[in-house]
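Peer 1: The residues making up each chain are set out below.
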Amino acid sequence: MRLELPLARVKGLGTSGEGSHHWWRQRLSALVLIPLTFWFLFSIVDQLGQGHYMVQEWIADPFTACCLILYSIFMFYHAQLGLQVVIEDYVHNRGIRLTLVLFSRAVLLLFGILAVFSVLRIAL
Amino acid sequence: MNTLGFKMSNAKGHAIGMKQLGTMAQAQILLLYIIPKEKYHPQFSIICFSEFGETENLSTRPLSPHLQVYRPQITSVMSILHRITGVIIALGAIAISLWIESVARGGAWYESLSGFLVSVPGKSLLIIWTLCTAYHLCNGIRHLAWDIGYGFEISQVYRTGKLVVLLAVIITAGVWLI
Ligand code: HEM
Ligand code: HEM
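If you read the sequences in order, they're chains Z and V.
Be aware that the first sequence starts at 0, since it is given in numbering that gives the first Met the number 0, and climbs by one per residue.
Be aware that the second sequence starts at 0, since it is given in numbering that gives the first Met the number 0, and climbs by one per residue.
Note that these hints are calculated values from the structure, not bench results.
Here are the computed distance ranges between Cβ atoms for each label pair: (1) Leu-47/Z with Leu-30/V: 54 to 62 Å; (2) Gln-55/Z with Ser-123/V: 20 to 28 Å; (3) Val-106/Z with Phe-115/V: 17 to 25 Å; (4) Trp-145/V with Phe-116/Z: 33 to 41 Å; (5) Arg-24/Z with Ile-15/V: 43 to 51 Å.
Residues from chain V that face chain Z, not an exhaustive set, calculated with beta carbons under 7 Å: (6) Ala-92; (7) Ala-103; (8) Gly-139.
Beta carbons are placed, not taken as given, at the ideal position from N, Cα and C, and that holds for glycine.
Based on the provided sequences and hints, a complete structural model is requested.
Peer 2: Quick look at the structure:
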């Protein structure tokens, strides 16, 4: 997806040296998350008191499974982009900053994959 | 002292006048003449570089923006809340993936986690999580509106800010009461 000007891309503008890629990814993932988050908030509470079988049934429903997978992917993607900004704002030592960014990325990637695989295991 | 009523000094604390300032600093001072006094904090200062490269500090007061000298305002509190709720729901995302995993595993995994979630501490955490998500969602929409150029009037900023808090509470109540 390319919504920035070629010049901005070539010059890699910005203190992070990656121009506005990051900014766009954060906004677009936020946009996708709006309906998904509304859906999740209003459907998850009903499931919490349920027995195991009912919850399995709910997740195995194709609509639920698709929404949950999309939600997991975009939520972890957006969360990773967000945490990166927070880390970059507060950690000034370059080495520690890079380590923390990569660490948070790895942890969120792991849990994102776990979520998607668990949904698939239940649904398929 | 200049006609705006604040002290101008260089980095060494010596008093200086308009003529000793670099072009950028002069431009910033001139800007202050057209901004109403109520709009800027009385304890602000400007740092700039003179043509000779040395730092000029147009005040002996603390450098601004110094969070310690600012009175918390709805705007700054809401801004930091967006960040705090973002970090909290990022942790929530990890919890969500563990919950789905527990459904996939079933058995004792599922029973112990769902047992915790319906207990009082579990439920309290869930309600806090709902509030954080609802706030971040509504304030996020406000952010996106700003990004496409809507809602910048100061009255709108306050109005939409209050609306966001109200909606977050309503959504949380709706989610848990319906
Ligand atoms: C709203 C959704 C998304 C948007 C707008 C978006 C946009 C972008 C953009 C603009 C780039 C930079 C490409 C370049 O520099 O040539 C990128 C890179 C990348 N994206 Fe996405 N993306 C989205 C969702 C995702 C998702 C869901 C994933 C994976 C789970 C993902 C994984 C990546 C990876 C691994 C890179 C390469 C990272 C890098 O080069 O540093 N993206 N994306
Ligand atoms: C669902 C899970 C979500 C998680 C885990 C999450 C997490 C985060 C985090 C950690 C940040 C960084 C905060 C900062 O830089 O101060 C952030 C920023 C942001 N989030 Fe979310 N978020 C989520 C959903 C949403 C939704 C639904 C929206 C809807 C519009 C949204 C809109 C935004 C925006 C616009 C920013 C950038 C704010 C800025 O530039 O200061 N987020 N998010």
